[in-house]
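Undergrad: Build out the structure end to end from the sequences listed, making use of the hints.
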Amino acid sequence: MKILVPLKRVPDPDTKIRIKPDGPGIELDGVKFAVNPFDAIALEEALRIEEKLGEMEVVVVSIGGEECVEQLRVGLAMGADRALLVKTSESLDSLAVAKVLAAVYRREKPDFVLMGKQAIDDDSNQAGQMLAAMLGVGQATFVSKLELIENNTKARCGRETDAGIETITVRLPAVLTTDLRLNEPRYVSLPGIMKAKKKPLEEMTPADLGVAATSRTKIFKLESPPKRKAGVRVKTVDELVDKLKNEAKVI
Amino acid sequence: MTPTRETFGNIPPASQVLFYCLTVVTMAIFAFGIWRRFRLWRQGAPIGLRALVAGNCRDIITKLKPGLGRLLTDGLGQKRVRGRGLPSWAHLSLFAGFMMLFLGTTLLEIDHLASGISESLKFHKGTYYVIYEFTLDVFGLLFLAGCILFFWRRTRRPASVGHRATDWYVIISFLAMGITGYLVEGLRIVWQQPTGIAAQCSPVGLWVSRWFSGMTEAEARTAHLAVWWGHALLVFGFIASIPYTRLMHIIAGPLNLFLAKPELGRMSPVTMEEVEKTERIGVSGIEHFDQQQLVSLDACMECGRCEEACPAFATDKPLSPKRVVQDLKDLMTVNLTAAVTPCPDPLPSQGRGKVRAKTRALHDETINIETLWSCTTCNACTRVCPVRIDPVTLLTDMRRNRVGEGALSGTAATALRRMQSSGNPWGLPAAERANWTEGIGAPTVQENPQFELLYWIGCAGSYDRRAQRVARAMVKLLKHANVNFAILGREERCTGESARRLGDEFLFQELAQANIATMAKYNVRKIVTHCPHCLNSLLKDYSQFGGHYEVIHHTQLLRQLLSEGRLKFSSNSSADDAATYHDPCYLARVNGIHDAPREVLKALATGSASPAAELREMPRHREKTFCCGAGGGRMWMEEDPKKRVCTVRAKEALETGARTVAVGCPFCLTMMTDGVAAQSESARVLDVAEILVEKLDFPKAG
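If you're matching them up, the sequences are chains A and B in order.
Oh and the first sequence: position 134 is 310 in this note's numbering, straight run, nothing missing.
Oh and the second sequence: position 657 is 662 in this note's numbering, straight run, nothing missing.
Treat the hints as calculated values from the structure; they're not laboratory data.
Hints may contain errors.
[As the list claims (entries may be wrong)] Below 20 Å or equal to it, Euclidean Cα-Cα: the simulated EDC-like pairs (lysine to aspartate or glutamate) are: (1) K84(B) <-> E313(B); (2) K228(A) <-> E370(B); (3) K371(A) <-> E410(B); (4) K373(A) <-> E628(B); (5) K375(A) <-> E496(B); (6) K208(A) <-> D190(A); (7) K375(A) <-> E410(B); (8) K192(A) <-> E437(B); (9) K425(A) <-> D414(A); (10) K374(A) <-> E281(B); (11) K373(A) <-> E284(B); (12) K375(A) <-> E437(B); (13) K263(A) <-> E284(A); (14) K208(A) <-> E437(B); (15) K208(A) <-> E246(A); (16) K374(A) <-> E555(B); (17) K208(A) <-> E496(B).
TA: Printed below as a string of structure tokens:
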């Protein structure tokens, strides 16, 4: 069995980002990067499946510049067996990413793809769905519970929806995108990353895979959300009710 | 006639020969048993025993002195055995009796050998003899008393005390040894018929001899020989069984006392080179512990004091320090014996020509990962161990491996990730580190380069809203007392204390090196901090990486400022409650700082107008304090709300009747606040500095 896990390099969720004053994009000064947390959850799940089933392979793939090696090493340190870097200097939109991943899929022929439901940088939530459509395989998004059944030919997935947990079964191969509550990814320490340097990491270009990686969307402007106004502290319940009625006019 | 008795009196030469033959056999069994354990211990990581005896005499003495000192105070002085009521008295009594009888027997043998060379060398006579006989007679009673107390205790068997089948053999043979000893003496008196002082110097023996007053000399001689043999066989049995029973602590205990690393709160560093060489970090197999740690496993007597002191055990966590030591000891016996035992029947398929007996894995199979994470590293177990076994370091050494192998996840993993990316476990921007100073102003090292004292804020004081109030109170006090201080501001980073105790040595080292470089830049010499974890780390961890500072706790500084009269508080403050003080583990137990906060609180109480203001002590205080549950990185972990360490401690605090719980640590502040909130009664939980600042005479604004 083989599971393919794409890992995206994103600004660390714990660093505060600032928008560049000139043009779209963020200031990269002092910004640390990390594996997209949803992708880390996907990898953790793949590793847990590997620990349970034994004989199998977890392959991580990243698309981007040389700097993505850092995130692939984290993936290898977590326990992935092999890493692929599809090198491109362009910033790709979801569709382009899906195209590259589809090419990687055809090359690797995994049993299924496990990936984050979205990346925390652009929050598009599209790549997984597009990939499934391109490959013509099933998909389960927002997976918060995953179980392989019927001799690992199907996946029973609990999906988080607004109304509650929906449980569906998809035939493999499929694209499964992971939600926050699926698991808690393991911690990777420095010696782990050092040790992971010995694991295989293969680099290639989109051209090697026979795809043209170009974005069809363009970002024109980024804006910070407006600053939240300071709240008001009320002394009594009556005052609160009064304010809700007359000032906020919500009741 | 000079009072004396003949050694081997009434023992025929044939019996004497047999006796010495049996002595040789016994010693051989004893030596074999010790060797069997010794070859297990030596498989541990070397501790540089050779270096101990290298160099000139003065060097050697300097190196041996601390260990020998511990042998004297903790071993002969039984310092760490004392203070536990009946079991302590039982051990002291048995130990005193045993040591005296052991010494007596040794002297007797020396006398016997000496008199064999020349009759003039015999010293076992006259006044010496009288004192000797009397002393041994009395100490024999102590020995018996100890045996009886232990026998009684073993029938009751408190839950924390371990038990094995051989324990009954040990205790019963000890009792029998004591009894037969007196019988031999009584019967000797019957046939020898000593008079005057020669008889009176053995009061117990004389009393025993009355039981046999009807015997003829010949009958007494026969009985004496028979009982003497019984006594001798019991002693042989005892010596031979030392390495095979609980009695092993007689050997391994003192050995461990000698070798132990006595300082609490100090961990051994690991280098990246070592990791690259061994391809391993921390302890993943029993042989990765060092030789002293392996000896310590054999020193365990299962007295259970560690278990009784353990906050994790008290709150139903899957951890008992005693169990950990015992499980590791079993693993050492199985795995390391297998490692040195060649298999008699090699299987060709194995290829190596040697098949090892079935061994077990250390992690998961022997020590569960939940056990490792349950420890708060409060050091209560290590402090109470009579033979200085250090379960905390055993656990943190194993943690290092688990963290290195990616076995940590959840909230603690998030905290570590944040320390890595943001330099603090809250994951808040470094740029906001000094935001707490807004409105009160605290000079940074750049603004006040001539500072005398660096105020180390720590991550809690910088980012946690509650702990920020402590930092602000301290700044007010420092300014009020005109202390020339500065803070590092945005340049300060997490000390890495919880990272190190959680097992991420290299994250700790990264943070430590950054902080040491920053402090070198500003020429920092003296540091005050309100966080005992930072204090311990700056003091004991940083010195291993070239950061040497004088570090004091804020309560020590406040005590000094009060005594110098630089802080003045008003005595007219209204309604004060009784307060209790919760000692932080890393302050009171690990660094011995417990007087300063009390003196500050007492100064406030005596200065108070309210008679109700007084300092009330909890049953467990000072070095014996009970953890709040946040140490060892537990601050960043979830705890089952049904049984939290802080709830237990908060209950203890409220039971004193105090309505103010004073603390001296931001972690304790969080935990005790949580703990008190879970109780039906209410109390204020405040840092000592906050209590002090409430009472200060500040010049009225405007």
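Undergrad: What hint numbers does the structure not satisfy?
TA: As far as the earlier hints go, 4, 5, 12 and 16 are violated by this structure, in ascending order.
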